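Construct the entire structure; sequences and hints are all you get.
Chains A and B, in that order, are what the protein sequence lines are. Each residue of the first sequence is one higher than the one before, starting from 1 at the first, in the working numbering. Each residue of the second sequence is one higher than the one before, starting from 1 at the first, in the working numbering.
Hint data in this document are derived by calculation from the structure and do not stem from the laboratory. The structure presented is a predicted model; accordingly, all values stated were derived computationally and were not measured.
Subject to a maximum C-alpha distance of 27 angstroms in a straight line, what follows is the list of computed DSS-like cross-link-like pairs (lysine-lysine): (1) A:Lys453 to A:Lys334; (2) B:Lys95 to A:Lys304; (3) A:Lys452 to B:Lys95.
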Amino acid sequence: MPADLAALLYLASAVLFILALRGLSNPESARLGNIFGMLGMAVAILTTVLGARTAAYGEMALALAAGGAVGLVIAFRIKMAAMPQLVAAFHSLVGLAAVLVAAAAFYHPAAYGIVDALGQIRTSSRVEMSLGVVIGAVTFTGSIVAFTRLQGIIPGDPVVFRGQHALNVVIGVIIVLLLGTFVHTPSTDVFWVVTLLALVLGVTLVAPIGGADMPVVISMLNSYSGWAAAGIGFTLENSALIVTGALVGSSGAILSYIMCRAMNRSFLSVILGGFGGEAAGQAVRAADRAVTAGSAEDAAFILKNASSVIIVPGYGMAVAQAQHAVRELADALKRRGVRVAYAIHPVAGRMPGHMNVLLAEANVPYDEVFALEQIDSEFQATDVAYVIGANDITNPAARDDPSSPIYGMPILDVDRAKTVLFVKRSLAPGYAGIDNALFYKPNTMMLFGDAKKMTEEIVKAL
Amino acid sequence: MQGAVDPLVFQLSIFVLAVFVGYYVVWSVTPALHTPLMSVTNAVSSVIIVGALIAAAPAAMTPSKILGLIAAALVAVNIFGGFAVTQRMLVMFRKRKP
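Rendered as structure tokens:
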């Protein structure tokens with residue numbers, strides 16, 4: 001295949017990837033967009049395979065088929081509640097692949113056409129290659145740490161120790177210095193030492209970041225995997241890879257920013273880690289203050305007499321697998337002529353948009369589900385806010401109490417509804433480790449119990 | 001000014017412009033679809049398989065070829081898995097029945 005034709009096909013593939021992301025502006029166009037993405041990938045792979053004058057088709061097909069089969073099985077069997085883990089695991093694969101491709105290019109630069117007249121790897125390629133390998137390695141181990149934490153293999157509490165920031169800085173500086181020597185004289189030893197250090201850095205960067213900040217971590221790793229791909233794209237002089245890397249890199253960066261803004265945290269403070277857990281001891285003891293508790297029958301009575309209800313789900317709803325029960329509750333209310341809507345806080349799940357997927361899986365129509373800024377002003381005109389499995393994102397202290405650790409974080413103003421029904425197992429504080437002032441408001445009724453069971457009982461009592 | 005422009009400069013231009021395209025396209029994604037956005041960006045970043053296949057192409061079994069084949073198999077998991085799981089999510093997003 002002539003190089004110009006191949007370059008044009010790679011360009012077509014890049015355009016198809018842009019269309020794939022563009023489709024996601026609306027659920028109706030998103031499905032077509034995903035097809036564009038698959039087409040783009042097919043064009044890129046076929047161009048490469050047909051362009052490589054080779055007899056190795058069999059081996060390539062075998063590698064693709066083996067990986068593809070595993071991927072399909074995972075994709076069809078994964079539970080939607082486990083999407084964050086899956087995405088973290090997938091990120092780790094992109095990171096590892098970036099490392100392997102950079103290593104392959106290092107061992108056999110002629111195949112990639114990156115050698116100069118003297119048979120040495122070109123200086124610019126050395127720079128790109130080393131950036132690709134470092135970012136790829138950090139993405140690989142960082143994603144594995146995120147995966148194990150999300151999967152519950154290691155606890156969600158941040159791992160903090162003295163001198164950890166200093167350690168990260170030292171590793172980072174050594175990597176940069178070694179990269180300098182690598183660019184000057186490429187040596188196999190330096191290549192692998194840098195890779196090893198970057199692998200360690202991935203662990204030490206992500207380990208101190210607690211469970212509450214996982215949405216940011218996943219977005220950040222998403223971004224890194226893009227930059228790693230772009231770095232490799234420069235080495236290969238491949239526009240599809242450069243464009244895709246840039247798209248994915250900026251996508252992950254924007255999502256990280258959106259998540260940070262939703263928690264009112266700076267990106268730097270998330271990266272430095274250690275948030276969540278330690279503040280738990282300072283929580284006001286529940287016994288000191290009066291709480292109104294109610295039964296499923298009380299809740300059913302209140303809901304029956306309401307004309308508008310907003311359901312506010314959080315990750316706890318997914319843990320209790322209560323989304324189907326919640327949808328049944330909404331259906332029962334709608335049959336009685338009650339207006340029902342769902343309010344989703346950006347960090348309601350464990351990753352951006354997670355809660356929307358869980359509700360969609362439970363057959364909740366997407367046009368009943370609203371984002372924070374779309375629905376927040378409606379609470380004061382609403383009879384009942386039904387909070388299920390959410391906590392910190394409803395805490396009025398974030399709005400009213402400047403001394404609160406979460407002060408300034410945008411919240412759903414559920415306390416402005418006439419009545420708040422708050423389903424929760426106990427008065428224990430949420431992820432941020434702080435007490436929720438909403439529990440003690442006179443218009444709040446606590447419904448103590450398992451989210452799923454409580455919701456089912458309310459449906460029965462309606 | 002004299003001499004030809006280094007191809008690297010062209011690549012850098014593509015990269016910078018693509019970052020801007022990405023910025024505007026991603027801000028237009030509805031927040032409800034941020035999870036599919038992440039799984040699809042993951043799938044498309046697996047286009048790094050291009051690099052793996054180049055390494056895997058030569059007939060002789062070199063370390064480079066073995067690395068390439070392993071990398072190709074790993075990202076194939078991502079490509080097929082990523083697009084499939086994205087499609088699985090997207091078909092769940094349905095409008096209210098009239």
